[in-house]
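Trainee: Read off the chains here:
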Amino acid sequence: MTALDVAFAAAGVVASASGLLAVTTRHVVHAALWLVVCLGSVAGCYLVLGAEFVALVQLLVYVGAVVVLVLFALMLTRAPIGPNPDISTSPLHRVLAAFLAAGVTTLVAAALLPLAGPARRRAGTATGDLASALFGTWVWPFEILSVLLLLALVAALAVSRMADRQGPDAAQTLAESAGDPVGKPLAEMAGRPTAQSAGELPAQPAGERA
Amino acid sequence: MSQPIEVTLRALAVLVAFLVLPLLVGQTEHKVMAHMQGRLGPMYAGGFHGWAQLVADGVKFVQKEDITPAAADRWVFRVAPAVALVPYLVALAAIPLSPHLVAAAAPGSAVFVLAVTAVGILGTLMAGWASANKYSLLGAMRAAAQLLSYELPMVLAVASVCLAAGSLSLTGIAGAWSPWWLLWQLPGAVVFLVSAVAELQRPPFDMPVADSEIVFGAYTEYTGLRFAFFLLSEYAGIVVMSLLFAVLYLGGWHGAFSDVLGWLWTLLKGFAVAVLVIWLRVAWPRLREDQLQRLAWLVLVPLALGQLALTGLWVVTTA
Chain A
1 MTALDVAFAA
11 AGVVASASGL
21 LAVTTRHVVH
31 AALWLVVCLG
41 SVAGCYLVLG
51 AEFVALVQLL
61 VYVGAVVVLV
71 LFALMLTRAP
81 IGPNPDISTS
91 PLHRVLAAFL
101 AAGVTTLVAA
111 ALLPLAGPAR
121 RRAGTATGDL
131 ASALFGTWVW
141 PFEILSVLLL
151 LALVAALAVS
161 RMADRQGPDA
171 AQTLAESAGD
181 PVGKPLAEMA
191 GRPTAQSAGE
201 LPAQPAGERA
Chain B
1 MSQPIEVTLR
11 ALAVLVAFLV
21 LPLLVGQTEH
31 KVMAHMQGRL
41 GPMYAGGFHG
51 WAQLVADGVK
61 FVQKEDITPA
71 AADRWVFRVA
81 PAVALVPYLV
91 ALAAIPLSPH
101 LVAAAAPGSA
111 VFVLAVTAVG
121 ILGTLMAGWA
131 SANKYSLLGA
141 MRAAAQLLSY
151 ELPMVLAVAS
161 VCLAAGSLSL
171 TGIAGAWSPW
181 WLLWQLPGAV
191 VFLVSAVAEL
201 QRPPFDMPVA
211 DSEIVFGAYT
221 EYTGLRFAFF
231 LLSEYAGIVV
241 MSLLFAVLYL
251 GGWHGAFSDV
261 LGWLWTLLKG
271 FAVAVLVIWL
281 RVAWPRLRED
291 QLQRLAWLVL
301 VPLALGQLAL
311 TGLWVVTTA
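First to last, the protein sequences are chains A and B. Note that our numbering has the first sequence beginning at 1, numbered continuously upward. Note that our numbering has the second sequence beginning at 1, numbered continuously upward.
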């Protein structure tokens with residue numbers, strides 16, 4: 001056991017524990033904040049394993065941008081202070097989720113545990129190696145992924161524009177969920193979702209979690 | 001020197017710098033603003049030109065009652081100031097004052113500083129949401145929208161400098177710096193400065209805390225020491241961004257007698273940038289939210305992309 005092993009184990013434990021808390025908590029915003037802790041400690045794991053650049057990008061992109069965007073969207077739509085019974089799931093779903101988790105864990109453990117021998121060599125990944133792999137060997141998957149993201153972006157814009165043209169009802173629903181950052185949260189500030197928002201808005205937080 | 005003692009000493013040095021430099025910038029702001037507006041500024045605390053004004057302010061903040069609103073989410077509300085403050089402390093450790101004077105030398109320190117300061121925004125968001133106050137939530141919304149928009153041009157501008165130097169480490173970047181960069185990287189420098197002021201939510205980009213519209217944004221419900229932490233994080237942010245600008249664009253320790261006085265050059269250049277940031281506050285009125293987004297997406301992002309293309313072209317053709 002070296003100091004690096006201990007650091008890796010600690011980061012891993014924090015990551016698993018915060019991940020579990022993110023899924024089990026009934027407070028929507030707390031779930032997002034636990035996700036921050038989880039992603040941050042995964043960055044710590046990368047750092048301990050010698051992939052410094054990957055760890056920093058993980059921090060910059062996931063903690064600094066993606067979760068901030070998630071929190072922004074949550075607070076813009078509905079994020080009451082206190083537990084939210086809406087985001088609870090049925091016992092059947094829980095059992096299914098537990099089975100799935102157990103299956104994935106077994107699969108990953110079966111694949112990785114035989115590889116974990118006593119030999120430890122942490123060479124560290126130089127940023128240059130990473131770049132030549134990313135823009136050499138893996139350049140096509142990389143580019144196709146960025147085209148996919150671009151497509152999603154354009155499609156999202158197209159969907160919102162189409163709703164605008166369909167009529168005042170659809171446009172209003174969309175404007176309430178996305179376009180009007182000032183008017184909407186005022187009603188929900190005291191921590192209770194209004195009947196209107198609970199009924200009409202596309203349930204994005206719940207949908208993401210399901 | 002044995003390693004634990006050295007690490008402790010380095011950490012202590014960063015902590016001292018973190019507690020002293022923001023106060024220095026704060027006092028400078030008092031005085032510079034006052035003289036630009038034809039006033040004297042603080043004159044009594046401590047005797048000579050009110051030098052101890054901010055120390056007195058700190059003592060006042062400590063004495064105040066620490067109130068958590070009844071409807072607030074207590075845990076998030078209490079942790080938020082620390083989340084806003086600590087990233088700047090960590091970032092300060094990675095900024096070199098001279099090639100040998102850096103608390104924590106990291107191979108990717110330019111990315112490190114950007115990544116760590118990006119975490120600080122979570123503190124504002126947490127504070128705004130957990131306060132259970134409509135002004136706070138509005139302030140947090142504005143802060144999140146603003147910081148997300150201005151992070152992109154900032155990262156692009158820094159990427160251009162990294163490309164020009166062929167290094168991701170701040171020490172390497174300042175080492176590769178030459179006076180020609182002042183012209184070559186000028187668009188990137190302007191983009192970086194504007195984005196930095198916007199990230200710090202300083203006037204003219206202080207929409208998130210606009211006191212005449214939404215009281216004080218995400219910090220409305222905070223009192224005493226926790227409020228002081230938010231103020232300190234703003235000034236620590238000025239210190240970090242000014243030093244970063246000095247190292248990236250002004251050559252850091254390059255100057256006369258740079259072998260001996262390199263650290264002083266970095267500090268002086270950083271201080272000059274800090275004065276510029278203060279000057280911007282006095283000179284410009286607050287932007288409106290739509291003007292702010294327009295500036296980020298229609299001016300700064302294209303400018304930063306153009307700078308990146310220019311740097312790339314030059315590096316490739318001269319390599």
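Derived from the structure by calculation, the hints contain no laboratory data. These numbers come from a predicted model, not from an experiment. The beta-carbon is built from N, C-alpha and C at its ideal position, and this holds for glycine as well. Do not rely on the hints blindly, as some may be mistaken.
Unchecked claim - What follows is a list of derived Cβ distance ranges for each label pair:
1. A:Val104 to B:Leu19: 42 to 52 angstroms
2. A:Gly128 to B:Leu182: 22 to 32 angstroms
3. A:Leu69 to B:Lys64: 26 to 36 angstroms
4. A:Ala126 to B:His35: 43 to 53 angstroms
Trainee: For every hint, state whether the structure bears it out.
Mentor: Hints, one by one, checked against the model:
1. A:Val104 to B:Leu19: 42 to 52 angstroms: holds (47 angstroms)
2. A:Gly128 to B:Leu182: 22 to 32 angstroms: The hint (22 to 32 angstroms, Cβ to Cβ) holds, given that Gly128 of chain A and Leu182 of chain B are roughly 28 angstroms apart.
3. A:Leu69 to B:Lys64: 26 to 36 angstroms: holds (35 angstroms)
4. A:Ala126 to B:His35: 43 to 53 angstroms: At roughly 51 angstroms between Cβ atoms, His35 of chain B and Ala126 of chain A fall inside 43 to 53 angstroms, so the hint holds.
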